[in-house]
Amino acid sequence: MPKDHGIGASSKRREDLRFLTGRGRYTDDINLMGQAYVHFLRSDMAHGKINGIDTSEAEKMPGVIRIFTGKDFEGVGGLPCGWQVTDRHGNPMQEPPHPILAQGKVRHVGDPICAVVAESAAQARSAAEAIMLDIEELPAVIDMKAAVQDGAPKVHDELDSNLCYDWGFVEENKDAVNKAFEEAAHVTTLELVNQRLAPNAMEPRVAVGDYAPGTDESTLYTTSQNPHVIRLLMGAFVLGIPEHKLRVVAPDVGGGFGSKIFHYAEEAFCTFAAKAIQRPVKWTASRSEAFISDAQGRDHVTKIELALDADNNFTALRTETYANMGAYLSTFAPSVPTWLHGTLMAGNYKTPLIYVNVKAVFTNTVPVDAYRGAGRPEATFQLERVIDKAARELGVDPVELRRQNFVTEFPYATPVAVEYDTGDYHATMDKLLEMIDRDGFEARAAESKARGKLRGLGINSYIEACGIAPSALVGQLGARAGLYESATVRVNATGGLVVMTGSHSHGQGHETSFAQVVADMIGIDEGMVEIVHGDTANTPMGMGTYGSRSLAVGGSAMVRATEKIIAKAKKIAAHLMEAAEGDIELKDGEFTVAGTDKSVAWGDVTLAAYVPHNYPLEELEPGLEETAFYDPNNFTYPAGAYACEVEVDPDTGKVEILSFAAADDFGNIVNPMIVDGQVHGGLAQGIGQALLENCAYDEDGQLLSASYMDYAMPRADDVPFYAVDHSCQTPCTHNPLGVKGCGEAGAIGSPPAVVNAVVDALHRGGHSHVMHIDMPLTPHRVWQAMHQA
Amino acid sequence: MTQVTMTVNGKTVSGDVEGRTLLAEFLREGLKMTGTHIGCDTSQCGACVVHMNGEAVKSCSVLALDAEGAEVKTIEGMANPDGSLSTIQQAFQDHHGLQCGFCTPGMVMSAAALLKDNPKPTEREIREYLEGNICRCTGYHNIVKAIMAASGQDVGAIAAE
Chain D
740 MPKDHGIGAS
750 SKRREDLRFL
760 TGRGRYTDDI
770 NLMGQAYVHF
780 LRSDMAHGKI
790 NGIDTSEAEK
800 MPGVIRIFTG
810 KDFEGVGGLP
820 CGWQVTDRHG
830 NPMQEPPHPI
840 LAQGKVRHVG
850 DPICAVVAES
860 AAQARSAAEA
870 IMLDIEELPA
880 VIDMKAAVQD
890 GAPKVHDELD
900 SNLCYDWGFV
910 EENKDAVNKA
920 FEEAAHVTTL
930 ELVNQRLAPN
940 AMEPRVAVGD
950 YAPGTDESTL
960 YTTSQNPHVI
970 RLLMGAFVLG
980 IPEHKLRVVA
990 PDVGGGFGSK
1000 IFHYAEEAFC
1010 TFAAKAIQRP
1020 VKWTASRSEA
1030 FISDAQGRDH
1040 VTKIELALDA
1050 DNNFTALRTE
1060 TYANMGAYLS
1070 TFAPSVPTWL
1080 HGTLMAGNYK
1090 TPLIYVNVKA
1100 VFTNTVPVDA
1110 YRGAGRPEAT
1120 FQLERVIDKA
1130 ARELGVDPVE
1140 LRRQNFVTEF
1150 PYATPVAVEY
1160 DTGDYHATMD
1170 KLLEMIDRDG
1180 FEARAAESKA
1190 RGKLRGLGIN
1200 SYIEACGIAP
1210 SALVGQLGAR
1220 AGLYESATVR
1230 VNATGGLVVM
1240 TGSHSHGQGH
1250 ETSFAQVVAD
1260 MIGIDEGMVE
1270 IVHGDTANTP
1280 MGMGTYGSRS
1290 LAVGGSAMVR
1300 ATEKIIAKAK
1310 KIAAHLMEAA
1320 EGDIELKDGE
1330 FTVAGTDKSV
1340 AWGDVTLAAY
1350 VPHNYPLEEL
1360 EPGLEETAFY
1370 DPNNFTYPAG
1380 AYACEVEVDP
1390 DTGKVEILSF
1400 AAADDFGNIV
1410 NPMIVDGQVH
1420 GGLAQGIGQA
1430 LLENCAYDED
1440 GQLLSASYMD
1450 YAMPRADDVP
1460 FYAVDHSCQT
1470 PCTHNPLGVK
1480 GCGEAGAIGS
1490 PPAVVNAVVD
1500 ALHRGGHSHV
1510 MHIDMPLTPH
1520 RVWQAMHQA
Chain P
897 MTQVTMTVNG
907 KTVSGDVEGR
917 TLLAEFLREG
927 LKMTGTHIGC
937 DTSQCGACVV
947 HMNGEAVKSC
957 SVLALDAEGA
967 EVKTIEGMAN
977 PDGSLSTIQQ
987 AFQDHHGLQC
997 GFCTPGMVMS
1007 AAALLKDNPK
1017 PTEREIREYL
1027 EGNICRCTGY
1037 HNIVKAIMAA
1047 SGQDVGAIAA
1057 E
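In the order they appear, the protein sequences are chains D and P. So the first sequence is numbered by the working numbering: it starts at 740 and just counts up by one. So the second sequence is numbered by the working numbering: it starts at 897 and just counts up by one.
Below 35 Å or equal to it, Euclidean Cα-Cα: the simulated DSBU-like pairs (lysine-lysine) are:
(1) Lys810(D) <-> Lys893(D)
(2) Lys913(D) <-> Lys893(D)
(3) Lys884(D) <-> Lys844(D)
(4) Lys1192(D) <-> Lys1016(P)
(5) Lys799(D) <-> Lys788(D)
(6) Lys1303(D) <-> Lys984(D)
(7) Lys1337(D) <-> Lys742(D)
(8) Lys907(P) <-> Lys1016(P)
(9) Lys1303(D) <-> Lys751(D)
(10) Lys1016(P) <-> Lys751(D)
(11) Lys884(D) <-> Lys913(D)
(12) Lys751(D) <-> Lys1012(P)
(13) Lys1192(D) <-> Lys1393(D)
(14) Lys1042(D) <-> Lys1089(D)
(15) Lys844(D) <-> Lys810(D)
(16) Lys1393(D) <-> Lys1016(P)
(17) Lys969(P) <-> Lys1012(P)
(18) Lys799(D) <-> Lys928(P)
(19) Lys1337(D) <-> Lys1326(D)
(20) Lys1393(D) <-> Lys1012(P)
(21) Lys751(D) <-> Lys907(P)
(22) Lys928(P) <-> Lys1014(D)
(23) Lys984(D) <-> Lys928(P)
(24) Lys1188(D) <-> Lys1016(P)
(25) Lys1326(D) <-> Lys1310(D)
(26) Lys1310(D) <-> Lys1337(D)
(27) Lys742(D) <-> Lys1016(P)
(28) Lys1326(D) <-> Lys742(D)
(29) Lys969(P) <-> Lys907(P)
(30) Lys751(D) <-> Lys928(P)
(31) Lys1014(D) <-> Lys799(D)
(32) Lys810(D) <-> Lys884(D)
(33) Lys969(P) <-> Lys751(D)
Simulated coverage check for chain P against chain D, where a stretch passes if three residues somewhere in it have a Cβ under 8 Å from a Cβ of chain D:
(34) 934-943
(35) 969-975
(36) 982-993
(37) 1028-1036
One-sided and incomplete, this derived list gives chain D residues near chain P with beta-carbon spacing under 7 Å:
(38) Asp755
(39) Thr760
(40) Gly761
By construction, these hints were calculated from the structure, which means they are not laboratory data. Fair warning: this is a prediction, and the values are worked out from it, not measured in the lab. Think of the CB as a built atom: it goes at the ideal place given N, C-alpha and C, for glycine as much as any other residue.
Could you put together the complete structure from these sequences and hints?
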């Protein structure tokens, strides 16, 4: 029987009531008394030298309050980078400054040059058109490999080159890996592109800065996945405001997928300008602006080689990747192609030797940073594509080749520095095959063929590392932050609870699922627990929501804080019932004394805590409020097996997804309905990457796909109903809930399944020369692949 | 500035707008009815769908002045008179047809318009009708399922919710 409440129940989401009735409170819904509006004049060229900015005419335009340029920010810090990668030779990465408004040069289309603050958004926009810019266009570098050639134009004149870092992992393994390749019975090589994507949360970014001169306090309302991180970065590194004078509020957040982790120039600008003009300043991005100012994702070009012995055991893996950083280092950009990518190259397999080389490159494009999966989709795609190609070259079943090389004993220390705590990759593969009726595929393919279509089946495994992350470990790896999470549980006198968490929901339903956990632990109704998040003024310092970490890390903090509450409540109950503390049991919201019929209700104890008339005051403080900070001692490792069945129209190259199945192991599950929804959304983003989406730059650095007219977002008729299953559960061994995280899996595991399926379909159609097609698999690309010589 | 008067969710409202003011902007900024969302600037995403004289329209592609005298219905007017969720809204909650909630107002308004014209749409008809509504969170699975359920169809056979 499915549970109807608490941990394991598909509790309906409480936040839906406001979202379904138009009563959500997103950042753009906030309007402050006397607010002004800012419009950013952005570079329309990819690379240029600023010779002059004449704002005199614009300043005379109606409603203009003040126009800011880079000069106004000369004494202000630039946007900081939160992760320093050390290169193969032990040197720190090249880390250029990232000004709030351009200083001297513009480096990508969308780089902000001027900020016009006016009485209305329309007036600010109109005035921006009257600014006279004298910008000398410089040659731009867009292609990563061209950017690191001698003589390439430099994105940052003060750097030695456009190479941010050349990273080797594990450098000490390099010779042994090369030797294994020399001794291999078979080597499969694949060159591929993991194309650049725009995250495209449906809510564009918004920032509202406010300043209270009476108390010298600044407040920023912003579309953020992690308000505390923004407060620390902006306060300490950009504007020099101590945390106690700075409040950051992220109310309801309309999707993020990584793009709302980072600290952006517009946030710092609005906070700065509100103080400068002594009025609130609001910025709302248009979608067109989002395409050229939100950090983008992926953008790797990779050569991967897999070595196998005569029995088809994987013996070594070697990769060389170029990773695009864009024009500046976004907050966590350097970590994505390195520690979130290289550490996952073992996949689900016991490959003993691995060497990963990553060259991170500056180009005149929008900065790139974490986007749903962040490094792990890139790792999974390479690995699962090269294994499929190897199976094809060797004439063996791709599922059997995977199974033969699966890690089966846990804990398992990979050769790329992580230790998988639990997993059962055969179990998820078994479940997947049961879901997809693989035996019936040939008959289905014959039926497609009779209709003139080519049917293909693609299967792959995946693993990811999430529950990010052990602070001491990431500190060694270059993180300039800890990655614990926090929770304060405040019990009110009449028994209701408020849980203040450093995690923040941007669609994940924490208000529901977090309440399920706490209510379950105490045995009370979920409605008695309220979740508070998104405001630095009323939540403990926390690192926010990304990397599928909220339940695994934030939930663990909440469990620890609730355990402290229960421990104290038991002391109070023991006093009230004149019993020994060790004999007190808590069940269904009632405290009992073991072996007796004595009991006190939850509400009696909470009332006693705040009205301590009959209370052990000499031993115990009144009140019932506890805080816990939880720092995980390992990542978590969700894993699974995915399958996609496609039909290709050989006349047009159009791919139709007929079915998609996902068998995931997320460990324990708190709310199955929400978990399914997370997988669905991830699958659509993965299918979008595989078939539709692409940030296409021309050679001058213009983003050609900069609106929904050109950037092919997955629509309802591009995707099927998905079959998802998470009944295979190997609980995480090192967090109290045994949970692994589910937010990114769908986007990580699905692109290779789609591409494997299309390649399979083409082979079945006689196009046996097609070993790979780069994403997105548009009809044009598929048709070209079929017809290339 | 020109005065415009219309009926929104049964109430007569009026305000001063510029010629370029969009209906979506008038609702959000003029009337402070922030349930209607703006997710793009090319009339593609559908977060701003409202009903105008009974038809679904993207309120970012209608000038406020063109709505003079019109009957407009927004997400704020979709609940039952007693405040409880309407059938479509309830189906979205029951089947987890929303996550971040940003596209949701447009999805609900489009779904209502679809079901008015086509009370028992097939899966394919729903997917094609929602071409103009983009959701980035749900992968559409539970939105399609919710709309089928709201139309009284049995969705028990559709994989996991």
